[in-house]
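**Q** Build out the structure end to end from the sequences listed, making use of the hints.
Everything in the sequence shown is counted per the working numbering, starting at 1 for the first residue and increasing by one.
Derived by calculation from the structure, the hints in this document are not laboratory data.
A couple of the hints might just be wrong.
Pairs of lysine to aspartate or glutamate residues, derived as DMTMM-like cross-links and limited to a Cα-Cα distance of at most 25 Å, are as follows [unchecked claim]:
{"no.": "1", "residue 1": "87", "residue 2": "254"}
{"no.": "2", "residue 1": "367", "residue 2": "147"}
{"no.": "3", "residue 1": "290", "residue 2": "362"}
{"no.": "4", "residue 1": "221", "residue 2": "209"}
{"no.": "5", "residue 1": "301", "residue 2": "254"}
{"no.": "6", "residue 1": "295", "residue 2": "251"}
{"no.": "7", "residue 1": "367", "residue 2": "348"}
{"no.": "8", "residue 1": "301", "residue 2": "251"}
{"no.": "9", "residue 1": "87", "residue 2": "275"}
{"no.": "10", "residue 1": "301", "residue 2": "107"}
{"no.": "11", "residue 1": "366", "residue 2": "157"}
{"no.": "12", "residue 1": "298", "residue 2": "251"}
{"no.": "13", "residue 1": "295", "residue 2": "275"}
{"no.": "14", "residue 1": "301", "residue 2": "267"}
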Amino acid sequence: MKNGSSSVRISKSEAAEASLIIAQASGAQASDAQASAKQTFVNEASLMSPKAPVTQSAQAAQTAATKQVKTKTTCFKVKFLQEALDKSCTSNPNPAICRIATIAHLDRSEFKTARLRHPTGYITMMVHPSWDTISRDITSKNVWESEQTNFIRSALELLPGAGLLDVGSQLGAYSLHAAQMGRQVVAIDAFYQNSIRLFASVTANGFQDRMRVYWNALGLKSNGKMNIALPSTCNTGGGGPASKGDTRISDFIDVRTASLDEIAVGDGCFSGVSELVVKVDMEAQEWLVKATGAKVFKRFKVSVIMMEWIGTKMHHSDIAPDIIEFYNSHGLLPHNLVGTRLVRLGEDFKSWPWDVFWATKEFAAKKV
Numbered sequence: 001m002k003n004g005s006s007s008v009r010i011s012k013s014e015a016a017e018a019s020l021i022i023a024q025a026s027g028a029q030a031s032d033a034q035a036s037a038k039q040t041f042v043n044e045a046s047l048m049s050p051k052a053p054v055t056q057s058a059q060a061a062q063t064a065a066t067k068q069v070k071t072k073t074t075c076f077k078v079k080f081l082q083e084a085l086d087k088s089c090t091s092n093p094n095p096a097i098c099r100i101a102t103i104a105h106l107d108r109s110e111f112k113t114a115r116l117r118h119p120t121g122y123i124t125m126m127v128h129p130s131w132d133t134i135s136r137d138i139t140s141k142n143v144w145e146s147e148q149t150n151f152i153r154s155a156l157e158l159l160p161g162a163g164l165l166d167v168g169s170q171l172g173a174y175s176l177h178a179a180q181m182g183r184q185v186v187a188i189d190a191f192y193q194n195s196i197r198l199f200a201s202v203t204a205n206g207f208q209d210r211m212r213v214y215w216n217a218l219g220l221k222s223n224g225k226m227n228i229a230l231p232s233t234c235n236t237g238g239g240g241p242a243s244k245g246d247t248r249i250s251d252f253i254d255v256r257t258a259s260l261d262e263i264a265v266g267d268g269c270f271s272g273v274s275e276l277v278v279k280v281d282m283e284a285q286e287w288l289v290k291a292t293g294a295k296v297f298k299r300f301k302v303s304v305i306m307m308e309w310i311g312t313k314m315h316h317s318d319i320a321p322d323i324i325e326f327y328n329s330h331g332l333l334p335h336n337l338v339g340t341r342l343v344r345l346g347e348d349f350k351s352w353p354w355d356v357f358w359a360t361k362e363f364a365a366k367k368v
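**A** Below you can see the structure in the form of structure tokens.
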């Protein structure tokens with residue numbers, strides 16, 4: 001998401017890395033093949049005959065390619081073992097699901113405390129060190145994406161009793177706002193460093209009775225395994241799926257894949273809740289909500305979805321029409337947020353803004 005208070009956009013280098021991550025997300029076999037091909041290219045380049053004419057530009061390109069393959073992102077000083085992280089998950093008959101239940105056994109020395117402002121006070125929030133963009137903004141300004149979080153709070157106020165489904169929760173600014181309002185919340189994030197901090201925030205504020213934190217990646221395969229790579233800038237909001245052949249990964253922690261239906265419906269979430277507000281921010285993987293969440297839209301009335309659209313527009317324009325048709329079939333139409341108002345978007349999805357707000361006509365009428 002872009003930051004409503006001080007727009008945070010990915011750099012050109014992050015965009016290039018994101019493109020690589022998206023390409024790898026199409027499948028582990030393809031990713032391994034790509035990584036192998038890149039390594040082969042570098043090896044072959046290094047074996048070029050010294051008699052062959054090599055221009056300075058060619059040498060520079062060769063050096064750059066070699067550096068790209070060898071680059072590794074090391075962001076966190078505190079490292080965790082797979083076994084220790086898996087012990088954080090509560091026992092579940094479905095092995096694909098990891099609902100965080102305890103972090104008492106984990107080293108929390110790198111957790112930083114911040115305060116997230118809400119209309120009547122502050123929420124205690126555990127964040128990353130100051131090199132992280134999101135954490136730095138929250139620590140210095142006590143807000144994150146203020147325009148959008150205000151929208152989510154407003155939506156929940158307009159829908160008494162609705163819960164929040166936060167897919168790609170990151171450090172949980174949206175989720176914590178909803179929990180502070182007394183709503184039931186399900187927060188899902190694939191990056192363990194985010195999930196364990198969010199669970200610490202939940203316990204620090206006493207939100208355990210209304211909020212669940214899941215350390216899972218959405219995927220078509222139940223109980224598959226995935227690694228998450230961060231961009232070289234260590235932007236924890238810009239990570240994405242990668243194979244173990246990806247040299248940017250600084251640790252090889254497996255996150256379990258599960259469908260949205262397995263978590264939000266199959267795990268007994270949202271007891272007594274019939275309506276949901278949904279927020280989706282998955283770094284171009286937002287299509288997985290449609291692909292793995294059909295039961296969610298049958299089980300609950302979904303009146304509004306806040307979705308990051310830029311990744312779909314840039315990397316998945318071929319399936320964008322199917323995504324649009326899916327939401328339309330559930331009465332959800334695309335809008336832009338202008339101030340506090342929802343303004344209907346046109347047919348050209350490639351011209352749509354960074355974030356798209358899918359809303360029913362009934363809900364949009366309240367926000368126009």
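**Q** Each hint should be assessed against the structure and marked as holding or not.
**A** Hints versus structure:
no.	hint	verdict
1	87 with 254	holds (13 Å)
2	367 with 147	holds (14 Å)
3	290 with 362	holds (22 Å)
4	221 with 209	violated (30 Å)
5	301 with 254	violated (33 Å)
6	295 with 251	violated (34 Å)
7	367 with 348	holds (23 Å)
8	301 with 251	violated (40 Å)
9	87 with 275	violated (32 Å)
10	301 with 107	violated (40 Å)
11	366 with 157	holds (11 Å)
12	298 with 251	violated (38 Å)
13	295 with 275	holds (13 Å)
14	301 with 267	holds (18 Å)
The structure fails hints 4, 5, 6, 8, 9, 10 and 12 (numbered hints given earlier, in ascending order).
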